[in-house]
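Residue numbers (my numbering), protein chains in the order written: chain A, 407 to 730; chain B, 407 to 730; chain C, 407 to 730.
If you are wondering where the hints come from, they were derived from the structure by calculation, not from laboratory data. For clarity, every value in this text was computed on a predicted model and none was experimentally measured. Be careful, since some hints might not be right.
Pairs involving identical chains hold if they fit within one copy or between any two copies, as the list cannot separate such chains.
In silico SDA-like links for lysine to any residue, alpha-carbon gap of 20 Å or less [as the list claims (entries may be wrong)]:
1) Lys650 x Gly493
2) Lys666 x Asn492
3) Lys430 x Lys441
4) Lys535 x Asp697
5) Lys650 x Asp494
6) Lys443 x Gly468
7) Lys676 x Val693
8) Lys727 x Phe434
9) Lys408 x Gln424
10) Lys666 x Ala634
11) Lys443 x Ala431
12) Lys441 x Gly468
13) Lys443 x Pro433
14) Lys676 x Tyr528
15) Lys430 x Val542
16) Lys408 x Asn679
17) Lys650 x Gln496
18) Lys607 x Pro452
19) Lys520 x Glu417
20) Lys642 x Glu438
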Amino acid sequence: MKQFTSVNDVENIDKLLQKALEIKANPFAQQEVGKNKTIGLIFFNPSLRTRLSSLKAAYNLGANVWVLNAGADSWTLEMQDGTVMNGDSQEHITEAIQVMSAYCDVLGVRTFPKLQNRDEDYQEVMFNKVKNLSSVPVVSLESATLHPLQSFADLITIAEKINYNPTEKLTKKVKVVMTWAPHPRRLPQAVPNSFAQWFTKVDWVDFTIVQPKGYELDEQFTQGATIAYNQEEALKDADFVYAKNWSSYEQYGEIIPQEKDWQITMEKMKLTNNGKFMHCLPVRRNVVVADEVLDSDVSIVIDEATNRIFSAQAVFHEILKGLK
Amino acid sequence: MKQFTSVNDVENIDKLLQKALEIKANPFAQQEVGKNKTIGLIFFNPSLRTRLSSLKAAYNLGANVWVLNAGADSWTLEMQDGTVMNGDSQEHITEAIQVMSAYCDVLGVRTFPKLQNRDEDYQEVMFNKVKNLSSVPVVSLESATLHPLQSFADLITIAEKINYNPTEKLTKKVKVVMTWAPHPRRLPQAVPNSFAQWFTKVDWVDFTIVQPKGYELDEQFTQGATIAYNQEEALKDADFVYAKNWSSYEQYGEIIPQEKDWQITMEKMKLTNNGKFMHCLPVRRNVVVADEVLDSDVSIVIDEATNRIFSAQAVFHEILKGLK
Amino acid sequence: MKQFTSVNDVENIDKLLQKALEIKANPFAQQEVGKNKTIGLIFFNPSLRTRLSSLKAAYNLGANVWVLNAGADSWTLEMQDGTVMNGDSQEHITEAIQVMSAYCDVLGVRTFPKLQNRDEDYQEVMFNKVKNLSSVPVVSLESATLHPLQSFADLITIAEKINYNPTEKLTKKVKVVMTWAPHPRRLPQAVPNSFAQWFTKVDWVDFTIVQPKGYELDEQFTQGATIAYNQEEALKDADFVYAKNWSSYEQYGEIIPQEKDWQITMEKMKLTNNGKFMHCLPVRRNVVVADEVLDSDVSIVIDEATNRIFSAQAVFHEILKGLK
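From just these sequences and the hints, can you work out the full model?
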């Protein structure tokens, strides 16, 4: 693997999934690959799961790792090309990324969308700048529009729960429903875009996205998914319910008020096929999902978070083993 | 050892003390125990000694370690159960702790009291939440009411200074006096509570607490100690003087103005039996203790700080060796 | 090596240079020296290159490393001796440094000048306090007046570019010109002082400093350099152009307005002997140097930054191998 910026960098999803499950079963067996290698992690935004799971993944691989909170730990970065830097910015991203990539073998980067200019966000201006400037392979720790390590961890979690065996054909597809849910703030579309981009590519999954009118995601990520607008209808027979808020793609970055309450409750979970509740975390309790769901064994959110270690470890492993 | 939240988690103080002294003599000899283990450290408050000594202890054991400054590095945490999270808090502690403990084998946590509601602080609401939610053993890096790694480091320091030999009965008990000292701010009772809780359990120590009226500590920690109110009297014949400020337990969290100056001076040290001066640090110079004491060889505060490595290392060692 | 606070701590520059080149060729070959050793890094100011290159250097040596952002991660430090600490400062530097040095084998420290009182800055009050209080060898990660790890990395870079061979006498000296350049802020003199202090000691270098009147550096560092005031003249035949802004030493910490534009452009680079452009970074684009220079292969600023790993690694190596 040369980089990991979306599912499109994965040659064979099924093989990567098996690799992750193999690594989880035996997490310290690949330390020859990590030896004397350094993974650099740059956060332009706060992080808990991504930061700690990436550290754990690096440790499991016997690799070294450093973390930089861009801004807090270092200088203010200038993002625009061609500017006369006589203002507040102390370093241009051109130098910053070239330098940071000189200090590691793999560079993990988290950027966020500004949710102001859709084109700018969807062109991944910032993330692509980093990718193009880096002298070493880049791993997305979430970008403006995608969060592939999360989606991969979600896939690992579903595979575990159904005891997925790649050599055995499933008699019936697994029904996965991603449902929009409420939230007080304007959130990025990175997690749902990425989830859609992955799960439309998994042939043993029957994938539905349900959301209020006006919350349709960018079609480039949802091709192949069933698009629905009635939450109760969509939840019927679901094996996995993936709840997530996102702001509107159409009215970019906006919150469109809803009359209906889209919060996931136990009553709604009863419509499913003994379905499991999933969320990428952090989750707003009693806004996105009721305590009764999260505190029951219907919830597998901690499994997802735990599998963030192994999605990162599998990706780092595949990239590191390709380096001299 | 299954956890380390107070001296009550220590089966045999003397054995743990010997373990720490053995580790100090040979700090890199236990790396099989730390191999492929990860120690997570969460700070809800700033820290210097605890942070760095815990890192050094982990390194000495050959363990991996990560540090999270809760708040600064990650999300704002919601502490209350049952709330509708449509405000500022982005993640509930329930998920945060379950997730963080999924990324390590031992979880060290520092929490502080708010000094507003005594019951809340003394029930260790926050620390117990962490302890109950964690899927791995928890180590206190100081909680609202206790700081056991500090007290253990203090014990190691005293044992070193008297060349303590567990197989040889001391002819005379060692006199340890903990004295209240002034401070401009309202401080927790964690250090003195914990010191009292440890030293009332050491059978070769004659333990006195001296403080102004109104500064009596919670009796659950001081049973067995001599309680005094006259500082000069109490210091007589002391082998070790442990100075520390704390706010009132009775008038909870308050500072009760004193006419007398309780600062430790060289004149007061002369009342002792060539006693050594101890303090957990950080210390307010010329408020808690005079420069002349701190800058003389009467002071053993740096020894105490150094032994923070070995108290942490002994505790991590005992916990890690109990894990599969 | 007992410490590394300036070039004066280097017994033989040429030997250290060869050591660094040898380490760069084989960066993981010295891990016996770093085993079970811990390098502590304290930053009183933000840092990108120094932080990450020091981490990488430590990792390459197989050493452990911790980083403390003084202030943010820990307590507010009191710097004055003899004060009654009843104000905001929570810990005196006397205890802080003694304690921090107890938790490592080598202590790297970054301090900055305040640019208010020249004597205070040039006496390196803060840095010397740290040096004198530390119980372990101290490495400057930049002090008020010097930045020796940067200058050493610059020397490594020049040596690489000319394929320097210590056993072969150069037929002609290498012409290195350090030129003042504009900047919107009042900057320290540490980098240019240090560069001058190193390059006046390298016998195969012909070293010129060019600056506007009023920007002359402290003569203690520039003895032996050619001092010039006409930038175009000075750049003639230069093999290396080292651009850097600094505030006035004479009118201490001030910016003296210039009519001429001292920015380095491609037109100016054409005056040189196919000279390479150098800068320590971070650099203000189109203020200190034009994009056209920085984005051409005339620029070797990323090489300099990369060599920060090996200047640090060589220094840590020399110090660590001297420890028991």
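Hint by hint, here is what the structure shows:
no.: 1; hint: Lys650 x Gly493; in the structure: between (39 Å within a copy, 17 Å between copies)
no.: 2; hint: Lys666 x Asn492; in the structure: between (51 Å within a copy, 17 Å between copies)
no.: 3; hint: Lys430 x Lys441; in the structure: both (19 Å within a copy, 17 Å between copies)
no.: 4; hint: Lys535 x Asp697; in the structure: between (41 Å within a copy, 16 Å between copies)
no.: 5; hint: Lys650 x Asp494; in the structure: between (37 Å within a copy, 18 Å between copies)
no.: 6; hint: Lys443 x Gly468; in the structure: both (8 Å within a copy, 11 Å between copies)
no.: 7; hint: Lys676 x Val693; in the structure: within (19 Å within a copy, 64 Å between copies)
no.: 8; hint: Lys727 x Phe434; in the structure: both (15 Å within a copy, 18 Å between copies)
no.: 9; hint: Lys408 x Gln424; in the structure: within (19 Å within a copy, 35 Å between copies)
no.: 10; hint: Lys666 x Ala634; in the structure: within (15 Å within a copy, 67 Å between copies)
no.: 11; hint: Lys443 x Ala431; in the structure: between (23 Å within a copy, 16 Å between copies)
no.: 12; hint: Lys441 x Gly468; in the structure: both (6 Å within a copy, 10 Å between copies)
no.: 13; hint: Lys443 x Pro433; in the structure: both (17 Å within a copy, 11 Å between copies)
no.: 14; hint: Lys676 x Tyr528; in the structure: neither (37 Å within a copy, 41 Å between copies)
no.: 15; hint: Lys430 x Val542; in the structure: between (26 Å within a copy, 18 Å between copies)
no.: 16; hint: Lys408 x Asn679; in the structure: neither (39 Å within a copy, 40 Å between copies)
no.: 17; hint: Lys650 x Gln496; in the structure: between (37 Å within a copy, 14 Å between copies)
no.: 18; hint: Lys607 x Pro452; in the structure: neither (30 Å within a copy, 44 Å between copies)
no.: 19; hint: Lys520 x Glu417; in the structure: neither (31 Å within a copy, 53 Å between copies)
no.: 20; hint: Lys642 x Glu438; in the structure: neither (47 Å within a copy, 52 Å between copies)
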